[in-house]
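Chains as they are written, first to last, in this note's numbering: chain P, 735 to 969; chain W, 20 to 339; chain X, 12 to 238.
Possibly wrong hints are sitting among the right ones.
Said to hold, decoys possible - Listed next, the stretches of chain W that the computed footprint assigns to chain P, with coverage defined by at least 3 CB atoms under 8 Å from CB atoms of chain P:
| id | region |
| --- | --- |
| 1 | 123-135 |
| 2 | 157-165 |
Unchecked claim - SDA-like, lysine to any residue: derived pairs with alpha carbons at most 25 Å apart:
| id | chain 1 | residue 1 | chain 2 | residue 2 |
| --- | --- | --- | --- | --- |
| 3 | W | K278 | W | T300 |
| 4 | P | K931 | P | C749 |
| 5 | X | K96 | P | N929 |
| 6 | W | K278 | W | L208 |
| 7 | W | K278 | W | A314 |
| 8 | W | K205 | W | K278 |
| 9 | W | K136 | P | P886 |
| 10 | W | K136 | P | F881 |
| 11 | W | K136 | P | T879 |
| 12 | P | K931 | X | N184 |
| 13 | X | K96 | P | V942 |
Said to hold, decoys possible - Over the 10 Å line for every Cβ pair with chain P, so calculated as not near, a few chain X residues:
| id | residue |
| --- | --- |
| 14 | E27 |
| 15 | E35 |
| 16 | G94 |
| 17 | V126 |
| 18 | A129 |
| 19 | R216 |
Just so you know, the hints here were simulated from the structure itself, not pulled from any lab data. As the structure is a prediction and not an experimental result, all values here were calculated from the model. Where is the CB? At the ideal position from N, CA and C, for every residue including glycine.
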Amino acid sequence: MAEPVIPDFGVGSDCVTQNHTFCTDWVRENWSSVLQPALVEHIELTVIAVGIGFAISLAAALLAHRLRYVERPFAVVSAVIYTIPSLALFQLLVPITGLTVTTVEVALVGYTLLILFRNILAGLRSAPPEVLEAARGMGLTTTQTLFRVELPLALPAIVAGLRVAVVSTIALATVAAFVVSEGLGGPILGALPLNFKTEIIAAGALAVGLAILADALLVVAQRLLTPWAYARRAV
Amino acid sequence: MRAPRQAVEIEFDHATKRYPGRPAPAVDDLSLSIPAGEICCLVGPSGGGKTTAMKLVNRLVDLTSGDIRIDGRSVMTLDETELRRGIGYVIQQVGLFPHMTIAENVATVPRLLGWSKAETAARVDELLDLVDLPARDYRARYASQISGGERQRVGLARALAADPPVMLMDEPFGALDPITRTRLQKELLRIQGEVRKTIIFVTHDIDEAILIGDRIAILREGGVLAQYATPEELLAHPADEFVARFVGADRGLKRLSLKRLGDLDLEPANGAVGPLLDADTTLRDALSVMLNAGARTVLVEGGDGTTRVLTLDRLTELLR
Amino acid sequence: MSVFIDSLQFIVDHRELILEKTWEHVVLSAAALGVSIAIALPLGVVLGHLHRGSFIAVNLANVGRALPTLVVIAFGITFLGIGFKSVLVALVVLGVPPILTNAYVAVDEVEPDAVEAARGMGMTPLQVLWRIELPLALPLLFAGIRTSAVFIVATATIAAIAGGSGLGEILVNQASYGVEGLVGAALCVSLLALAVDAALGGVQRALTPRGLKLQVPAFEPDVRPVV
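Please build the complete structure, drawing on both the sequences and the hints.
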């Protein structure tokens, strides 16, 4: 659990000692020692979780696209994982993987599977039938059709899924602090017993801000990756 | 720029397609030969097997028995994808790739075949100009930004891109409004005049077939060939009741639409009076003018500058 | 692995405690769900019926998803202190968005032809809402309630640190209950969440008018892809 910076009476400012709602001087002083490391850890946790989750979901979706019977089992399993409350899932994993980052990552990866799998598969299936027929009739092989037609056309749905996955993971990663002291949940949990408002608000705002920023970045990425979806008839 | 490829002959040799579990074949013992550089229209009622017959050529549907040969080579000897890259394929809904620009769409098969970037770009521009879509304006647009008629032109350009000797067209103008359809039919004939491909054109519209086809193959239900002939022959001598009904009771009038005033050897006017028409007016339209004006003659500018006359009697004679 | 066996033993040994906590958990969740529905449902339905406020209604779900549960609870503690009130507020804040968004979209996207036909037949706006829009919107609407319910059950677990009652109390208290207790409570709350999801899924299926051929698969929370 991250050590809250206990205001040392006499050294801390008035704002801090009287525990006002938000003290900018505390934030400035403790940015690099408390908040920034937590933020960086949080970003790391998220990127690793979404990265691995995406890789697994993509493989599963490609498989399910080819072999129908794969869909149901994978969907059911990922849905069950998704329904289990995060704290419970963490605690169920601890006996297996210990009080480590691995436990947290396994759980976070598990939570991304449902949305990513669903969206990637829906995206792959969204190619209009006449486009697929034209591709086949022109002499594209199955693999070429997949890479040059189906996957690009699946991008809007894939990015939409990534948006939800990233935002959800950032939010869930705060709960990781119950297991291991990583991420922005750490400062929050540490400051709670003392009800140290500034630290709680600062870390909380960073978590929310990070989620909003990530979402906005993905929206920009979507616009850049799929220019055809935004092309409008010039009359 | 590459030299345009020579057109080749397509031959159906007792081609048959049976689907498992269905008693009647979809295509039944179809044998016909399409000379190089000609348009053959496959016509018939829905379910008559015309689309299936066409798809046998590029093996989107596989033959149950019999053979199909392109330029003497059986389609079964080539690898499927290689075969298809050598055949232009145009379908009703076009199937333009929504995520690619017009230029990228047209460049698809050349890219697959490994053409150089420069060659491909030049070819794309050449084709867009051919289908009357100035490359400068249309190259960078997306399918969602152009009209239905323009989309089908791009589809045509895309099919022509790798200069295939054979083209398959499945009711390509069926989804367009009548005005655009007529325009594109004329465009196709113009382009065919320049590129001279061997084309199989499927349609359920006998009028379209008569306008476009050098030869017409009428398939009845069950994929059986009812008649294979030139439009003139078909209209003058339908093989049986079914063909006669399909061609329509107005086949006499349809025959008139095959000829134009300028094609005929007409008498000088010599003082006859009547409405003056263009040399490329069809005989059918000429008759229509006569009926509307209550006249028995129409006049036309002869090639040598003299005025010629067409009488109603002469017209009826031509039908015999 | 032995931990899991021990935890099962724990559940058996302390079944009264487990039952009591489970019941508290259910009551807390139900209360929070009830309040959330009371706030979000009418608002969402009315906005959807009027086809207004789409930007807020749709993006509220995004915002809700972005709010880390821990942060909301922490803020609750900070400003409202420890106790039932702050837990309830936190749960409601997190439970409202899915219900509101789904209610809005469900009513907004009811087939316009059906609505127009109804209006053309002379139904008042209220009758249109009650007889046409709501029945057609029910499946998607209920999916939102289901999502929210599972979310609330999950969040109530964490809310234990704010003085909330329920299985979470055991989950955050390793000192008193040991690892077996932790894992045992984790198992119970997982089963509870799955049971709630399955049960509400059954209700959703029952509520879907037979005419609407909507597949409601078991165990599938409505994670609507937001584009």
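- Task: Please write out, lowest number first, the hints stated earlier that are contradicted by the structure.
- Result: The structure breaks none of the hints.
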